[in-house]
Each structure stands twice: as C-alpha cells, then as structure tokens.
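Engineer: Those protein sequence lines, which keep their order, are chains A and B.
The numbers in our numbering rise by one with no breaks, and the one at position 354 of the first sequence is 354.
The numbers in our numbering rise by one with no breaks, and the one at position 42 of the second sequence is 42.
Think of the hints as simulated: they come from the structure by calculation, not from any bench.
Note that the Cβ used here is the ideal one computed from N, Cα and C, for glycine as well.
Treat each hint with caution, since some may be false.
[Claimed, not checked] Looking from chain A toward chain B, a few residues come up when the C-beta cut is under 8 Å (computed):
#1 453
#2 470
#3 471
#4 472
#5 580
#6 587
#7 593
#8 594
#9 596
[What the hints assert, rightly or not] The following residues of chain B were derived to be distant from chain A, with all beta-carbon distances above 12 Å:
#10 15
#11 17
#12 31
#13 58
#14 85
#15 99
#16 182
#17 200
#18 207
#19 218
#20 248
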Amino acid sequence: MSAAFIEEPSDEELPARRMLDQDWRKVFKYGLLLALVLVFVALTNMPVNLDRRMLIEPIFSMGYLSLFWLPAVFGLVVCREPVLAGMPSYAKGSREVLAGSLVGLIGGAGLSFLTLLLDNFNLREPLVNWSPQLLELLSFQRDTAFGIAIWLPIGLVLGTFGGLTHLLSATTRRVLSWAFVSVIAFAVFETVILDLSEGFAWLGAEWLVDELYFIRGGLTMHGAAVLAAAGSLSAAFGRDRAHRAKERFQALEGTSRTRANTIGLLALAAALVILPLFLGGITNELLANVGLFVLLALGLNIVVGLAGILDLGYVAFFAIGGYTAGILTTANRGESWPDWMPQFYWGTALVVVVILAALAGLFIGAPVIRMRGDYLAIVTLGFGEIIRLLFLSDWLGGYTGAAQGVTNIPGVQVFGLATVKGTDPRAVFYLVLFFCAIAVYVSWRLERSRLGRAWMAIREDESVAEAMGINTVNAKLMAFVVGAVLASFSGAILAAKVGSVFPNSFIILVSIVILVVVIVGGMGNIAGVIVGSVVLIGILGGPRQPGLLQEFSEYKLLIYGVLLIWMMLKRPEGLVPNVRRTRELHQDEYLQDAWLRGEIDTDSEPEDDSHSNGNTGVLPA
Amino acid sequence: MSRRLLTINKLSVTFGGLHALKDLDFYIDEGEIVSVIGPNGAGKTTFFNMISGMVTPTSGDIIFKGESLLGLDPNQVTAAGIARTFQNVRLFANMTILENVMVAQHCRTKQGIWGALFQTRPFKREEQEIREHGEKVLGFFGTRLVGYRLDQPAAVLSYANRRRLEIARAMATKPTIILLDEPVAGMNPKESAALTRLIGELRSDWGFTIVMIEHDMSVVRDVSDRVVVLDHGETIAHGTYEEVSTNPDVIEAYLGRPAEESA
Numbered sequence: 001m002s003a004a005f006i007e008e009p010s011d012e013e014l015p016a017r018r019m020l021d022q023d024w025r026k027v028f029k030y031g032l033l034l035a036l037v038l039v040f041v042a043l044t045n046m047p048v049n050l051d052r053r054m055l056i057e058p059i060f061s062m063g064y065l066s067l068f069w070l071p072a073v074f075g076l077v078v079c080r081e082p083v084l085a086g087m088p089s090y091a092k093g094s095r096e097v098l099a100g101s102l103v104g105l106i107g108g109a110g111l112s113f114l115t116l117l118l119d120n121f122n123l124r125e126p127l128v129n130w131s132p133q134l135l136e137l138l139s140f141q142r143d144t145a146f147g148i149a150i151w152l153p154i155g156l157v158l159g160t161f162g163g164l165t166h167l168l169s170a171t172t173r174r175v176l177s178w179a180f181v182s183v184i185a186f187a188v189f190e191t192v193i194l195d196l197s198e199g200f201a202w203l204g205a206e207w208l209v210d211e212l213y214f215i216r217g218g219l220t221m222h223g224a225a226v227l228a229a230a231g232s233l234s235a236a237f238g239r240d241r242a243h244r245a246k247e248r249f250q251a252l253e254g255t256s257r258t259r260a261n262t263i264g265l266l267a268l269a270a271a272l273v274i275l276p277l278f279l280g281g282i283t284n285e286l287l288a289n290v291g292l293f294v295l296l297a298l299g300l301n302i303v304v305g306l307a308g309i310l311d312l313g314y315v316a317f318f319a320i321g322g323y324t325a326g327i328l329t330t331a332n333r334g335e336s337w338p339d340w341m342p343q344f345y346w347g348t349a350l351v352v353v354v355i356l357a358a359l360a361g362l363f364i365g366a367p368v369i370r371m372r373g374d375y376l377a378i379v380t381l382g383f384g385e386i387i388r389l390l391f392l393s394d395w396l397g398g399y400t401g402a403a404q405g406v407t408n409i410p411g412v413q414v415f416g417l418a419t420v421k422g423t424d425p426r427a428v429f430y431l432v433l434f435f436c437a438i439a440v441y442v443s444w445r446l447e448r449s450r451l452g453r454a455w456m457a458i459r460e461d462e463s464v465a466e467a468m469g470i471n472t473v474n475a476k477l478m479a480f481v482v483g484a485v486l487a488s489f490s491g492a493i494l495a496a497k498v499g500s501v502f503p504n505s506f507i508i509l510v511s512i513v514i515l516v517v518v519i520v521g522g523m524g525n526i527a528g529v530i531v532g533s534v535v536l537i538g539i540l541g542g543p544r545q546p547g548l549l550q551e552f553s554e555y556k557l558l559i560y561g562v563l564l565i566w567m568m569l570k571r572p573e574g575l576v577p578n579v580r581r582t583r584e585l586h587q588d589e590y591l592q593d594a595w596l597r598g599e600i601d602t603d604s605e606p607e608d609d610s611h612s613n614g615n616t617g618v619l620p621a
Numbered sequence: 001m002s003r004r005l006l007t008i009n010k011l012s013v014t015f016g017g018l019h020a021l022k023d024l025d026f027y028i029d030e031g032e033i034v035s036v037i038g039p040n041g042a043g044k045t046t047f048f049n050m051i052s053g054m055v056t057p058t059s060g061d062i063i064f065k066g067e068s069l070l071g072l073d074p075n076q077v078t079a080a081g082i083a084r085t086f087q088n089v090r091l092f093a094n095m096t097i098l099e100n101v102m103v104a105q106h107c108r109t110k111q112g113i114w115g116a117l118f119q120t121r122p123f124k125r126e127e128q129e130i131r132e133h134g135e136k137v138l139g140f141f142g143t144r145l146v147g148y149r150l151d152q153p154a155a156v157l158s159y160a161n162r163r164r165l166e167i168a169r170a171m172a173t174k175p176t177i178i179l180l181d182e183p184v185a186g187m188n189p190k191e192s193a194a195l196t197r198l199i200g201e202l203r204s205d206w207g208f209t210i211v212m213i214e215h216d217m218s219v220v221r222d223v224s225d226r227v228v229v230l231d232h233g234e235t236i237a238h239g240t241y242e243e244v245s246t247n248p249d250v251i252e253a254y255l256g257r258p259a260e261e262s263a
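Next up, chain A with everything else stripped away, as it sits in the complex:
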C-alpha cells in the first residue's frame, strides 16, 4: 500500500546493470539458504512420501514438485527489489538471470552433497528419514554418481528459469504462471475434482475427467497440455474483462455500490445453498469441517480480533459444547447420571449448551479478564487444559466417560424430515451453514454496535477506554461469553456429526489452529476469518480433519508454521485484512499515503476554514 500514488517510472530510459555487477554476498546467502531448505525438505521425507502421488503420469510426481519449486522461487526472489516511487531503479537484465542461476546451482549442489552423504554414511539413528528410498529418489532410480551430477544442472536450470521470469513482460509472465497454476492445481486437487465431476455428471463432466486424468491418479500428458493451454488462454483474454469488471465495481458509489454488494452476497449465499446438492461426499465433508472451524474462528475473532483478548484456551468452550450436547442426547450415558434423566432432543439440548457455555464463559472469564497481555494468554492456556483434564478425570468419569468419552450420540432430527449425522455430510453441511450464518450475522451486528465500539476502544488502549467510561470488565466478559456460545455451537454440531466425543478431540492444538486460522485469514474481519478457514482447514486440514491435500497431512503443522512465519513477516494483517488492523500495522505507510492524497491536515489554519485546509491534494472520492 505504500506510495502507489506517484506514477511508476517508465521502463524505457532505465539502464540495466552489468551482469557481474552482483551483490555476491546476497547471492551466496540465498544460495546457501536454498541448499539448506532443500536438504531440510528432503529430510522431512516429504519427497519420498509424496512420490507415490503422480501429478502428471508418468513423468512428474508430487514428491519432485516439493523439491523443484524451491530453486525457481529462490531464483526469482534473489533479485526482487522494492520499487520506490521517485527513486531510480534499474531495468532487469542478464544480471538477474545470472544471480538466479547461481542461487539455483548452489542449491542444487546442496542436494548433490546430500546424495553423496546418503550413499556413504548411515545417519538413520538421529535422522529417521535418512533412508535408501530417499537416496533412490534423489538419484532418480539410477546410480549415485548420476544423482550427484544431475542435481547441479537441475538447480541451475530451475534457478535460471526463476531469474528469467524477471525479463518477461507482465503479460507473458501472467500467461505462463496461469498455465503452470492450472496444471498444478488440477493435478493437486484431483480428489475434489473427481468428486465434483460425480455431481455434474449430467453435464458430461465424467467424460472430461476421464480424458484429463490417468486411471491410477495423475494427469495424463494430453490432459496437462489441454489444461496449460486453457490456463494461458484464460489469462490472455479473461484478464481485461476481469479488470474492467473490477474497475466498474470500484467506480460505483453510495446506494448502487451497496446494491452491488448485496447482490454479490445473495449470489454467494444462493451458491452455498444450491451447490452442495451437486457435490459429492468428500467435498461436502470438507465443507462441513470448514464450517465447523468457521464457527469457531468467528467466535475467537470476537474475542481476539475485536476485543483484543488473546485467548489460548478457546478449545474449552468447544469441548463444553460437544460434551454437553453429547451427554444430553446420547443413548448410553455415563452411569453416574440419575435414571430419570431423559434422553434429550438435540435442539432442546442446544438450549442447555448455550446456557452452559455462557456460564462457562463467565466463570472462566471472570478471573482471567483482569489480567492483561501475556499473563492473560498463559492463564487462558491453563484453563483450556483444565477443562479437557476435567472431562478426562476419574472424578467426573462417571458423568463424562473419562477416556472412553461419550459415544452413541444420535444425529439431529430436523422436523422429522431428515436426520443430520456423520454419514450424510451434505445434511451436516447445511446444519453448519445455518449456524455459520447466525455467527456471521452476530459478528457483523455486534461490530457495529455500542458494544463493538467498546471492544475496539479496549483493544486500542484499555486504560483510556476505562477512563472514557467503558466498563472494561463487563465489555470483555461479554466478548468472552459471545465467543464461548459460538464455539459451543460448533461443539454441539461436532458431537452430532461424529457421534462421539473424546477428551483428545479437544487438545490444545485445536486452540492454536483456530488462532492460526484467525491470524492468517485476517484478524477482525469476517470474510478474512472465513477465507482463513477455507485455506487452512479446507486445503490443509484441521487437527483431526483431513483436508483437500490429504497427502500433506503429516506435514500440516510444518506448513502451518511456515505459513504463519511468512505471514507475520510479509502480511501481518492477514489474507483478507481488516481496515483498522492494516492501518495499525502499517501506520507509517498509511499516513504517507494519506499525506500524498492531501488528507493529513495542517495545524495552521484559520478558525472557520472549510475542508480545503490549505492543501491542494485531491480529496478521496
């Protein structure tokens, strides 16, 4: 967002730097970093594990993809320089290509060296993945010498390719990247596409899918070619149209803009209602899992994103929802419950769930809320574990089933029309969708209310908020309670969906994953939280829920970690940021832009001057 206001310097007069005019230190630093990353990825066993999954039959597997993309990206990144408005910058030339090649070569040498070591030493003891299979993969099923030799040119070529992309014109780059992305996406998301094709069989989708994919998985060669062509064509011709549509939307103002937004939202809602009818079991299951986490994340978003209370024990409310609903509706309840207690209907149980969750929010919140910052985070972490341990304990075992958990939870009867349970993911999805709609509405309304403003003020400066008359304890407790209730909805649905709840469904990892979803998606933004859930839970998978990329389930946490670090460095405001948080995190850039637009006011102005403020800048539309 920084200073995009001044026109970009034109390319024509800019000289390119000489090829040898390198920042050698940087090139070697990136090269060594690449080598390290490649060796690390190889030793996580990702290539071997993913080698079974073919992307393009018979030449390219996901295992090799996990290595190949790195040199290209590093080769590209090594010469990325920020273009500052008003500052001279150089044209891209042979220098960038050389840097890319060198980085790729050094990285390739890293893998050559690893191959050599694999062949000569056995380090299986500390490194469990130091295996013959890895050696075999790295030497392409030939002898070791070939493996050692081949990684140098591979690194060189990929790095050079990365460097070369600097030289391409924007259009070429877009066309190429679209071709790549469409091939890789179709190959990687094979399961869901196959699943989709079942639902759209009447459109002839199955024939298309048979053509694209090989029988045992992976794209066929001609399938890949078709996809690449389709991708590049859509990039070449679709872009202008998309661009123009966006411009037209942005040009809209006032009521027509609101109307366009409403129409978009309605279309989205309609799609969410209608589409599952055509989706297969896998996709619906995925969507249901995403929905459960959307509920959780929206709840946590109120606590963390709006009120600024870092709650690391949020899973407690999820557990309370799940256990309460489970115990009240199950057929074989723990022996300590009195016999006269009836087996409740899920909807009735939900009322109890909400009340209990709200009370739990109050009881956990009350002692915690008076603390601030780190102390609060640690204490909530403790409460999250305490709740789980209570459910696991012998003391409450007669009621909660201890380690055996609560089983035999029936599904949800909806007006005698349908039973929502795990075997029918579509019905579960609709149930989740209903509650997600409630959660979105609640978040949206509360954010724009007296309470929402109080939360924002508390997040900005708690002492001042209190001095301005806000009862911070009450406001924070309300955030806790609302968050708790939303999480308990999710828990209650989970109980009905899975049919059982166990203490280890509510481990601390769940809290952390929800928090990561909120942070990566965009703290304080409803759309961001939903996008975060789709990206993390839908694609990578939740703590216990498989995602689209089931192959990566072993590396889920690794990828979460990498993603989180990268986001914190490059885009701390999240994928779909909240305006306020963006301002907060990029205040310097924001103020600079505001200054360029002439929105910063000056002190010296006559008393009754109007908007112009002596600035000649353009006012925002």
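Keeping the supplied structure of chain A fixed, place chain B upon it in accordance with the hints.
Structural biologist: For chain B alone, coordinates are given in the frame of chain A:
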C-alpha cells in the same frame, strides 16, 4: 459562588518512598475554571489521575457532589460526571474521529447485545442519538473535525486537532467537570488563543466546570477564576492569577531563589 462540586481533603499518595502528593486540599464550585500550575514533576498529572480513579490515593478523601469517589474505577468516575483529557494525547488512533466521540458516550447509553442483534427500535434510536451528540461536540471546534473527516481515522489528524478531538471526546461523555491536562501544549499562539476562547465557551455555553493543568501562563491568566500552584506534591499557593503570580513562593518554585537571599 454556587454549589460546591468537588472537595478534596488531605489527599496523599506515595509511590514507594516518593510523596507524589502530600496532604492536598482542593475544592471547585459549579461553573468555575480552576488552573493547576507548577513546575515539572510537581504532581499535577498524578492529581488528575487520582481524581479520575486511575491512581488510588494513600490517604485522604475525594468528595464529588456529596459522595466519595474513593474506590471507584475510572469508568465509574466518568459515569459520575468527571471526564478528562491526557497530557500525551491518547486517542483511539485507528478508530474514526466520529467513533472516538461515539465510544465516549458508552456510560451514558445502555443498549446491549439483544438490541444490536435484533435491531430494535430503541437500539436504532440510541445509535442515532449517539451519532448526533458526537457530531454536535465535534461541531464545537468549527469545521475542522466534521464533514469528510468524520470517517477518517484519528491518526491522520494534526497534533493540535488531536488535542481538540481529545477535548471533544471528554465532552461527549456528558460530564459535569472536565479535567484538561495541558490543552494547548504544542499549539501556536494563535491556536492557543482560539482554544482559550473555546475553554471559556465550554463553561458559558455548555455549562461545564473545568480544572485545567497548563504551563502557558497567558491561557491561565485569560480563563482562570482561581489558580492552584503545586510543587513537590504540596499546594504552595492558591488564589487569583494576580495573587499567585506575585507570590514569592511561586516565583521561587519556578525561578529559584534570588542569589543574594540564599547567600
């Protein structure tokens, strides 16, 4: 004059061994403007913090409208009718200008979750009132905080305008007494003269009673009914501006003792 609003008896506070305030007596009547002056570190801001409940006194009592303020939280003090500004401007920088004054009306409004969820008529009416009152207090400062500025974050404001917005935010809490902590700091002479006039209007038009900490003596002279001088946590002088400004103790506190006397 008229009704006694705030009485402070023998107020002391110690931080460790440091007496930030020692046996301070203070009062203010309805409609008065009282300035608190003193050199740096005299305890002026601690005095404000104590009235507004952010610091608990070690001993003494604060009586506001006949009731003790001791033991009340800052938000309860604000609800009772004492609002304040801060010496180092502390706005909600990422909230819009209008939101800053809207959020300050929290303790004067009462709509909760249900109203917001079901968009009840009382909720909408209250939101409307909050907005109108917010625009009204912002309008007090002319056009510089209203119009297109309403929806801009407070961070874009100039220093002087942030000070103005802080005053507007204190006004928005519908107080009886406003505590102004160095309201004209960082303003140029012209601006501080204009603000001095506005402080007068705060009393005459809005009916606020004002306690003000200020270093700018021309502002103190122009608006204060009485001046209280603090030094090392104690009241060293008290009276009209003329009385105080000629008081030898005050001159000593500010300028030091003349060389021949200390010799």
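Engineer: With reference to the structure, classify each hint as holding or not holding.
Structural biologist: Structure-based check of all given hints:
1. At a threshold of 8 Å, the smallest CB-CB gap from residue 453/A to chain B is about 4 Å, leaving the interface hint in force.
2. Interface restraint check for residue 470/A: the shortest CB-CB distance to chain B comes to about 5 Å, inside 8 Å, so the restraint holds.
3. This hint holds: residue 471/A has a C-beta 5 Å from the nearest C-beta of chain B, less than the 8 Å allowed.
4. A distance limit of 8 Å between C-beta atoms decides the matter here; for residue 472/A the minimum to chain B is near 7 Å, and the interface restraint holds.
5. Against a cut-off of 8 Å between C-beta atoms, the interface hint on residue 580/A holds, since the closest Cβ of chain B lies about 5 Å away.
6. Of the supplied interface hints, the one on residue 587/A holds, with its beta-carbon coming within about 6 Å of a beta-carbon of chain B, less than 8 Å.
7. For residue 593/A, the suggested interface contact is broken, since its CB lies about 10 Å from the closest CB of chain B, more than 8 Å.
8. At a threshold of 8 Å, the smallest CB-CB gap from residue 594/A to chain B is about 5 Å, leaving the interface hint in force.
9. For residue 596/A, the shortest C-beta to C-beta distance to chain B is roughly 12 Å, which exceeds 8 Å, and the interface hint is violated.
10. Every CB of chain A lies more than 12 Å from the CB of residue 15/B, the least distance being 17 Å, so the non-interface label holds.
11. Residue 17/B, annotated as away from the interface, keeps every beta carbon of chain A farther than 12 Å; the closest lies near 25 Å.
12. The claim that residue 31/B lies off the interface holds: its Cβ sits roughly 23 Å from the closest Cβ of chain A, which is beyond the 12 Å cut-off.
13. At roughly 20 Å, the least C-beta separation between residue 58/B and chain A is larger than 12 Å, which holds for a residue marked as non-interface.
14. The Cβ of residue 85/B sits about 10 Å from the closest Cβ of chain A, inside the 12 Å cut-off, so the non-interface label is violated.
15. With a minimum CB-CB distance of about 6 Å to chain A, residue 99/B fails to clear the 12 Å threshold, and the non-interface call is violated.
16. Non-interface status of residue 182/B relative to chain A is upheld: no Cβ of that chain comes within 12 Å, the nearest being about 16 Å off.
17. The Cβ of residue 200/B sits about 14 Å from the closest Cβ of chain A, beyond the 12 Å cut-off, so the non-interface label holds.
18. For residue 207/B, the shortest C-beta to C-beta distance to chain A comes to about 19 Å, beyond the 12 Å cut-off, and the non-interface label holds.
19. At roughly 18 Å from the closest C-beta of chain A, the C-beta of residue 218/B stays outside 12 Å, upholding its exclusion from the interface.
20. No beta-carbon of chain A comes within 12 Å of the beta-carbon of residue 248/B; the shortest separation is about 37 Å.
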